[in-house]
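Both chains are sitting in their own frames, so use the hints and assemble them into the complex.
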Amino acid sequence: MNLSHFWILIASLFLGQLLLLLILAWRKQQSNKREAAINSQYNALTDSFSSHMMDPSDERFIAELKASPYHLVVLERLLNHYVSVTKAGADSPAVLRLSEEFLSTRYMKLLKRGNWAMRMNTLYFIEDFRMESLVPQLKEKLAKSSRLDQETQQLIRTLASLNETLAIEALAKYPDAPARLYIDVFKRLDELTKLDALDAALKNETGNQTLKHSAVSYIGMAGMTLFLPRVEEELQHPEMEMRIQALKAILHLQYMNSPSALAPFFESTAWPERMFAAQIAGKLQLSRYKEALGELLGDSVWWVRYSSAEALTQFSEGDIVLTHFAESHPDRYARDMANQWKTSLLGSEQ
Amino acid sequence: MQEVALILSYIVIAYMLFSSLSYLGLFALAYGKVKKENKLDKRESTEDFLRNQSTYPVSILVPAYNEEVGVVSTVRSLLALEYPEKEIIVIDDGSKDSTSMRMIEEFKMKKIPFAVRTHIETAKIEAIYQSSIFPYIRLIKKANGGKADALNAGVNLSSFPYFCAIDGDSILENDGLLKCMKPIIESDGQIIVTGGSVRIANGSTISRSKVELVGLPKSPIVLMQIVEYFRAFLIGRLALSHLNILLIVSGAFGVFNKERVIQAGGYNKNTVGEDMELVVRLHRLLREEKSKQRIEYIPDPVCWTEAPESLEVLRSQRIRWQRGLLETLWNHRKMMLNPKYGSIGLFSMPYFLFVELLGAVFEFIGYFIIFGGFFFSLVDPQVAGVMFLVTVFYGSLISALAVLLEELTLHKYPKVSHLMRLYFWALTEAFWYRPLMVLWRVKGIFATFQKKAHWGDMKRKGIST
Chain A
0 MNLSHFWILI ASLFLGQLLL LLILAWRKQQ SNKREAAINS QYNALTDSFS SHMMDPSDER
60 FIAELKASPY HLVVLERLLN HYVSVTKAGA DSPAVLRLSE EFLSTRYMKL LKRGNWAMRM
120 NTLYFIEDFR MESLVPQLKE KLAKSSRLDQ ETQQLIRTLA SLNETLAIEA LAKYPDAPAR
180 LYIDVFKRLD ELTKLDALDA ALKNETGNQT LKHSAVSYIG MAGMTLFLPR VEEELQHPEM
240 EMRIQALKAI LHLQYMNSPS ALAPFFESTA WPERMFAAQI AGKLQLSRYK EALGELLGDS
300 VWWVRYSSAE ALTQFSEGDI VLTHFAESHP DRYARDMANQ WKTSLLGSEQ
Chain B
0 MQEVALILSY IVIAYMLFSS LSYLGLFALA YGKVKKENKL DKRESTEDFL RNQSTYPVSI
60 LVPAYNEEVG VVSTVRSLLA LEYPEKEIIV IDDGSKDSTS MRMIEEFKMK KIPFAVRTHI
120 ETAKIEAIYQ SSIFPYIRLI KKANGGKADA LNAGVNLSSF PYFCAIDGDS ILENDGLLKC
180 MKPIIESDGQ IIVTGGSVRI ANGSTISRSK VELVGLPKSP IVLMQIVEYF RAFLIGRLAL
240 SHLNILLIVS GAFGVFNKER VIQAGGYNKN TVGEDMELVV RLHRLLREEK SKQRIEYIPD
300 PVCWTEAPES LEVLRSQRIR WQRGLLETLW NHRKMMLNPK YGSIGLFSMP YFLFVELLGA
360 VFEFIGYFII FGGFFFSLVD PQVAGVMFLV TVFYGSLISA LAVLLEELTL HKYPKVSHLM
420 RLYFWALTEA FWYRPLMVLW RVKGIFATFQ KKAHWGDMKR KGIST
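In the order they appear, the protein sequences are chains A and B. Position 197 of the first sequence, counted from 1, bears residue number 196 in numbering that gives the first Met the number 0, the numbering being contiguous throughout. Position 81 of the second sequence, counted from 1, bears residue number 80 in numbering that gives the first Met the number 0, the numbering being contiguous throughout.
For the record, the hints were derived by calculation from the structure and aren't laboratory data. Values in this document were obtained by computation on a predicted structure and should not be read as measured data. Mixed in with the good hints, there may be bad ones.
[Stated by the list, open to error] Cut-off 27 Å, straight-line C-alpha distance, at most; resulting in silico cross-link-like pairs (DSS-like, lysine-lysine):
1) B:Lys32 to A:Lys140
2) B:Lys35 to A:Lys138
3) B:Lys107 to B:Lys95
4) B:Lys41 to A:Lys108
5) A:Lys65 to B:Lys38
6) B:Lys34 to A:Lys32
7) B:Lys209 to A:Lys32
8) B:Lys85 to B:Lys123
9) B:Lys209 to A:Lys27
10) A:Lys247 to B:Lys85
11) A:Lys111 to B:Lys34
12) B:Lys32 to A:Lys143
Same shape as in the complex, but just chain B (with noise of 0.2 Å):
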């Protein structure tokens, strides 16, 4: 038994220290764009694209399942984006609450009849509404089907080439769907899909669906939120999508081109986890072709996201994410080690498996052996030390890495005490907040073979303060 509990420390200390070696490489391949583009006036090199007609119309998708808190303030978000030719369209997904009624309401709309291509198959729609005020503002009202089945239907009923997936309770920044589209516009479309990134808004300031003030929440559960933010947004996303192998854009923030979407089949009904399976299936598709089109992560545009507070919520959403994870690398696993899809197959799959997928499964046998070492005698308690400092630097000081490493290159938080209280709350992950982590992380693989798709179940306070 100690042999092999021995065999397994060595096992996950190696993996432990290759994974954070791994972060230390993706983040030293984006950190030269992240820090080329710092001081690039942002206002001036979206000016332009404000008023050039070449700039394509885009229709902003908001799926909304039970989201009668946010659902209002998120449109006037939109309706305040700085953009030539938008229109919004809110799907609500055969929500029990009063969504549609508070959209009907606020923006006195009107059931209009309409012929809706269908280019993806969806559940029933019930109705379509147009707002009176805004033209632009659409509704769809259908039974209730999934996020991904709501999405389809919100793709199916769009009039412009490219659409914007946003979540119901998010806030978009004004100039957001600029610079997300400035990439796609500059390549001449080559450019196929973009994502944002997505930022915790609890205990920032906002009123009139904007982001006056940025600051921080005094949950810890929610700081660690950020921190976590940082790790994947910063150090995973930017350097996968400079090596063109990103895997996933936001479902809370991403632009899509409509026709390629559409010619890869919509959305994925089947998955929790449709954002990420939509973009591996955009990527085999452009691989099977041998397109030079490309997939890219900006990190500059920002969408401000409703964190859950409580544990409960946050459970549910990380045992959602996991299985979602799974689910894709799964449907996808034709893909995985496949030279026919390049450095898709070869290295951003087995990535994502290794790392984000079974990097739980290692963490978990690494915090039973700290502990079995410790107290049981599983293994020498000088092997139980090192899992231990080697857990720490992977769970801790690579996470506070991300805080600084945030600092150094896009520096959103604006004071040096959120600087400080961001650092010292990342180290002390490795002892509270990443333990739950891998804990939910494991549910979420054995979750893979027992539920059924459904909408997240966080529970709304609002983010406009």
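So that you can see chain A by itself, here it is in the shape it has in the complex (with noise of 0.2 Å):
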């Protein structure tokens, strides 16, 4: 190859370059636009829109957005917004009329043939708007998918969001599915529907280990006190891991009816137990483990002696024992925390 082959190689890149530069620039002009656009009509509608929402039978909303030539992307983010910002948003029949009315089609046909982006923000907005007409539609999507993979994920999510216990069965198919989806599950069904599929994950007649973890620390992060009786069994469970979820919930769910089942915590030989157990302590105000509390002050791991002391800062007389504590404990790493937590430390934003 001599000069004049490089100059030619030189120049037809930078020719294609400036046909690229100038299809982009001109792409990102008619995109500048059409967003102008919509931004226009979406504003243009929203007093309409407010109307309609509030007494469906003004009708002057539907008339102005079949008007609209970008209707469906309007109506799209009218109805994400009020959704996202209204309490009631994602059960309010008018955002169940108006998407199944106008966005129903529009969903199907992208579920599927859309790209997989256009896919996944298809399923976020069928699971924000309720849109149960589309569960025929999931369903089969679902039969279909052979791998957990992100769209089967979210797939699933929504389908819980649409009340479907499916999603329970769905998610089982997969031995490795992680106890974050069982949680997102249960959290999406409503009360009834949730009530049932606890009772049956922790009576776990199929053996499904993640699923009882989720269910346990489900019932924690929710707070239904209904069933810390079935929680406190599970302290007795020969598994550690149950365990520990049954304590976590118990944690959460800040009652116990029989705090006698706490004390072996204290001399677990793990140490997540005791650390739990210390916590347990302090949030429920224990107060016959406070000498308990004061050993696990000396403990060997950072963390049980960190929750020990939070947990005294608890009580009443919190700072007496800890000044106690402070200047007379044997154990120099629990005078140090002692010292710490005496200034009624808040550890982080909650």
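Listed below in structure tokens is the structure:
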């Protein structure tokens, strides 16, 4: 190759880039124009949309929407904004009616033919707008999926938001399905369906330990004291992970029917069990465990010492106890920790 | 002499063509993933994590040295972050200005006793403060020990399982942390580090610690740095991350699994490239354990930072970066071409050695030959001409392509005029900006053998407008 060949190569690369630049600049201009038009229509329709949501008999919005060249995108944005800022938005009959009337055909097509990102967005919107009419399409799609990838995970969440318990069965097909997905499903089911699903998960007739862990964990997160006796039973479970989940749930529930069940955990060989026992003793102000907390203040694990000191601050005379330990605890690290918590530290943003 | 110059010319031409093709190959690898996620509604895909109790809490570490101008606005931007549970720890590494005083006054901080776990040894901790307005903001005042030492002190004090390291002069987008944590949560801990994109804030409108309007600066030096960031982040990191062989997560913005970092020994105080060195050490740990855990770059979460506007500061920054790169490659030379470290040892380390480090040496020789060929008949002018064209291809056209690729995928700059300006400035790179970079990077190689580790000496104006 000589110099002229290189000239030709560089010139053609430059011209190619220039062409690409022009195409991208044109595309950007078009997309900016389109975005500006959508924004302007969105702003123009906001008032009539608000009136329609308050009084569905006000048909002005429907007429204006139909006249808009970008009516589907504008409606999608209006509804999405509405459900994200209003408490009852997701369960609003008006949202369901508008989305079913205008968006369901488009979503049906997108679920089948859209690219990955569009299909994901569609699943999010079906969930947000609670579009029940699309359940058959979603089920059909789920039946075809063979991997628990991001799309299948969202598909399962969307089905759960439409109150389909099939979501749990679908997850159970994947042995490595993580607990967070089961929790996502429980979170989305309606109250009655959820109670049945949690009851079945705690019975664990299918032997799915992840499902049972998730159920216990969710009960704690959601504060469902109805299940407290069942959770307390799990404190006797031979498997450590299950006991830890039960301790965590009790910590969240902030109540125990039989506080004596906590005693063995202060001497557990597993430090997370000692830590949760200390945290529960503090949260529930179980003064019978004050002595045990003093001992755990000198534990070999930092987290146990930290939790014990924090627990002691929960008692009415916590300051005095901590001052005493800060001066006279035989363990140097326990004295440091007591000294730190004496100043009633708050740890983090909640 | 002429024969030697001719042979060198062929080597440099071949090298530049090879490097250019490797850039294009790397981008081709990553293009699919970026394009795939391009139309995803980012808000919808992260909003669930915002209300989810399974979202891991994060400690945000802000190492600061003489950052009195920017530290408060950085912390304010962190306060505005959408994230369920976080704590913010600013580490004043013996600043000579009033960094600590600004923090103490602004956030009404009080000195507290604190039982710090010493996972990693650091220089002396002088005091720990806590905000009485926002109890989750803390300040560590410590003796000077360098950025790595400051970060290690932050790791020691942090209470959460993940930490996010962010520079004291940077502003994180509201959902940046959530987007960085999303892959970690979704992978159930299999991803141990994520790094976001760093972008240059000069020229953008920032008010109340938030980027309100993305714009371009007037200074050509800063414009060229924007193009350079596109080239580095879009072409390089995406593909390397895709192959799990990414060796750099920017020190300005990255999220780390704390336990893994402690296992690896924390940040190395004896290098100026502590961010890259830690990532290489983590890779080494993973490979030695035969672990399947990953380190990922995520293009979307963006951290805005102030770029140097003066040549003097830019020069010092680039010398420091090059030195950091060489130190890291030297410290981990055992991994180079070692099959035990898989693709890291066989591909990534040699790539960083030949393309990122020695690239400057090859380009320097290239410029020397062009100059010598045209003015002193060092080589046949025909060969010097080819060298010139290849240099333009390598220096300008690849950078201009990076601008186009940014527009094709992420398109963060809103106006058509932004695209045009960036593209045409990129074309000028080989004629003025790149020779300067090449010179400083070569200097950086020599600097490795001269100086001790220190903080960069960036003169801040502050990025809030």
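### Query
Within 27 Å, alpha carbon to alpha carbon, are lysine 111 (chain A) and lysine 34 (chain B)?
19 Å, holds
### Query
Is it true that the CA of lysine 209 (chain B) sits at most 27 Å from the CA of lysine 27 (chain A)?
25 Å, holds
### Task
For the pair supplied as a hint, lysine 65 (chain A) and lysine 38 (chain B), confirm whether the alpha-carbon distance does not exceed 27 Å.
25 Å, holds
### Message
What's the verdict on lysine 247 (chain A) and lysine 85 (chain B), does the C-alpha distance respect the 27 Å limit or exceed it?
### Response
Roughly 20 Å separates the two Cα atoms, so the pair holds.
### Task
Please work out if lysine 34 (chain B) and lysine 32 (chain A) have their alpha carbons no farther apart than 27 Å.
22 Å, holds
### Query
When you check the alpha-carbon spacing of lysine 209 (chain B) and lysine 32 (chain A), does it fall within 27 Å?
Since the Cα atoms of lysine 209 (chain B) and lysine 32 (chain A) sit roughly 25 Å apart, the hinted pair holds (cutoff 27 Å).
### Query
Hey, lysine 85 (chain B) versus lysine 123 (chain B), does the alpha-carbon distance stay inside 27 Å?
Roughly 26 Å between the alpha carbons, so the hint for lysine 85 (chain B) and lysine 123 (chain B) holds.
### Distance restraint between lysine 107 (chain B) and lysine 95 (chain B), which requires alpha-carbon spacing of 27 Å or less
21 Å, holds
### Task
For the pair supplied as a hint, lysine 32 (chain B) and lysine 140 (chain A), confirm whether the alpha-carbon distance does not exceed 27 Å.
This hinted pair holds, its Cα atoms lying about 23 Å apart.
### Task
Please work out if lysine 41 (chain B) and lysine 108 (chain A) have their alpha carbons no farther apart than 27 Å.
Judged against 27 Å, a Cα distance of about 22 Å means the pair holds.
### Message
Does lysine 138 (chain A) sit within 27 Å of lysine 35 (chain B), going by the straight-line distance between their CA atoms?
### Response
24 Å, holds
#### Entry: Pairwise hint evaluation, lysine 143 (chain A) against lysine 32 (chain B), where the allowed Cα distance is 27 Å at most
23 Å, holds
Checked against the numbered hints listed earlier, the structure breaks none of them; every hint is satisfied.
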